[in-house]
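On the provided structure of chain X, position chain W as indicated by the hints.
Number of protein chains: 2
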Amino acid sequence: MKHYSLEEIQGWSRFYRANFVNSLSGFKPVSLIGTTHKSGEFNLAIFSNIVHLGADPTLIGFINRPREAAPHTLANIEQNLFYTINHISPEYIDKAHQTSAKYPEGVSEFEMVGLTPEIKIDFKAPFVKESMVQYAMELVEVVSIKHNNTFLVVGKMIHAFVEPSYVGEDGFIDLVKAQSVVSLGLDGYGEATALQRFSYAKPDQPLTELGF
Amino acid sequence: MKHYSLEEIQGWSRFYRANFVNSLSGFKPVSLIGTTHKSGEFNLAIFSNIVHLGADPTLIGFINRPREAAPHTLANIEQNLFYTINHISPEYIDKAHQTSAKYPEGVSEFEMVGLTPEIKIDFKAPFVKESMVQYAMELVEVVSIKHNNTFLVVGKMIHAFVEPSYVGEDGFIDLVKAQSVVSLGLDGYGEATALQRFSYAKPDQPLTELGF
Chain X
166 MKHYSLEEIQ GWSRFYRANF VNSLSGFKPV SLIGTTHKSG EFNLAIFSNI VHLGADPTLI
226 GFINRPREAA PHTLANIEQN LFYTINHISP EYIDKAHQTS AKYPEGVSEF EMVGLTPEIK
286 IDFKAPFVKE SMVQYAMELV EVVSIKHNNT FLVVGKMIHA FVEPSYVGED GFIDLVKAQS
346 VVSLGLDGYG EATALQRFSY AKPDQPLTEL GF
Chain W
166 MKHYSLEEIQ GWSRFYRANF VNSLSGFKPV SLIGTTHKSG EFNLAIFSNI VHLGADPTLI
226 GFINRPREAA PHTLANIEQN LFYTINHISP EYIDKAHQTS AKYPEGVSEF EMVGLTPEIK
286 IDFKAPFVKE SMVQYAMELV EVVSIKHNNT FLVVGKMIHA FVEPSYVGED GFIDLVKAQS
346 VVSLGLDGYG EATALQRFSY AKPDQPLTEL GF
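For the protein sequence lines, the chains are X and W, in the order given. What the first sequence shows, in the numbering used here, is residues 166 to 377, in sequence order. What the second sequence shows, in the numbering used here, is residues 166 to 377, in sequence order.
Please note that a few of the clues may not be correct.
Because identical chains share one entry, a pair is satisfied inside a single copy or across any pair of copies.
Okay, derived cross-link-like pairs now, DSS-like style, lysine-lysine, Cα gap no bigger than 25 Å in a straight line [claimed, not checked]:
no., residue 1, residue 2
1, Lys342, Lys167
2, Lys311, Lys321
3, Lys267, Lys367
4, Lys294, Lys267
5, Lys289, Lys167
6, Lys267, Lys203
7, Lys203, Lys294
8, Lys321, Lys203
Treat the hints as calculated values from the structure; they're not laboratory data.
For reference, chain X alone in the conformation it holds in the complex:
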């Protein structure tokens, strides 16, 4: 293995460094976030740094870049309080990636890239109709990360839409079957294959393989 020091990394071009550091943190749970602008226009943007924060309450967070770099989704969420998160399938990774283009405020990325907004259960933000795993969020807290002006946007999951055949007897959702894609770096997309599930780990007990 080669040792890349911070000194070397800081000497790279901005683009090379961004590709390297963005890949280094691993494959990411990339998803499309749907919001509604105060004018009523829908907004759709791709986000890849998404974290599970807890199951009770059902908290999920995502990282939003500095406001000047990525203003629309965060502003809509702060105003409207409700948003959707939608997994991406392999057939439309190009459309999902295209939502990262800097369209003017008030322009619907749904229309621009050719994905379909789906309004249901009177929810105040659009789901992505093409998505096989969708969930609805209510804003809880916007946490500032002072060091580089990014934000951890924390929300409570209040509705989920999943094909029941993906959901196992113990609540596990088989996202391999759902074909939810992962992202890598700034612009790479991949698909996952199943390896194994294991029993809850205890110090003096061998693991059991559960199968996927």
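Below, chain W without anything else, positioned relative to chain X:
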């Protein structure tokens, strides 16, 4: 698709709900975090909620559960300030998962599960020798998420160890080639296959496929 409401989800058993909500956020960039206890003993623990925060400075964060649930890694980082993050390969996902068992403080999970601590470049925390992508971190900030007592631990990446054949001409690291695994839910592991890379998206320009 079935609609799962929050009311229904809250009525589930703790275990079923944890599996469901943990899977819902998508595949995760699971890694092993290596730290050193003040006694000098090494600690190793598996973490799956890892986020890229920025490439300049090179900030990467991870979510730590409440202190009472997951005390050792965070305490060691706060004391020592340095830690390592190591990708996991398919051959030892069982050993990686086993690090989640609640071993007593001061016990080395390296020894317990059979992974090899690697000390190099005088770094004050152990790398996982079996890992094909390793990076070294310096603590920047521990951000509290008040709503459920979890933490976003923000660090600066100061060294990386990667096989140069995985690193593309533009800095992109091919983690499919590196066979870095992803996790799903509390106990599932998968491997990724490459789909596509795309050019930087602009409003009035079609995407170019870059290949992986």
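Verification of the supplied hints:
In this assembly of identical chains, Lys342 and Lys167 lie within 25 Å of each other by CA distance solely across copies; the values are 16 Å between and 37 Å within a copy. Taking the shortest Cα distances, Lys311 and Lys321 sit within 25 Å of each other both inside one copy (23 Å) and across copies (13 Å). Taking the closest pair of Cα atoms, Lys267 and Lys367 come within 25 Å of each other only across two copies (7 Å); inside a single copy the shortest separation is 49 Å, beyond that limit. Taking the shortest Cα distances, Lys294 and Lys267 sit within 25 Å of each other inside one copy (22 Å), while across copies they are farther apart (42 Å).
For the homomeric pair Lys289 and Lys167, the shortest alpha-carbon distance between copies (19 Å) is at most 25 Å, but the shortest distance inside one copy (50 Å) is not. For the homomeric pair Lys267 and Lys203, the shortest alpha-carbon distance inside one copy (19 Å) is at most 25 Å, but the shortest distance between copies (48 Å) is not. In this assembly of identical chains, Lys203 and Lys294 lie within 25 Å of each other by CA distance solely inside one copy; the values are 22 Å within and 52 Å between copies. In the homo-oligomer, the alpha carbons of Lys321 and Lys203 lie at most 25 Å apart inside one protomer (21 Å), although the nearest pairing across protomers, at 37 Å, exceeds that limit.
In terms of the numbered hints stated before, the structure departs from none.
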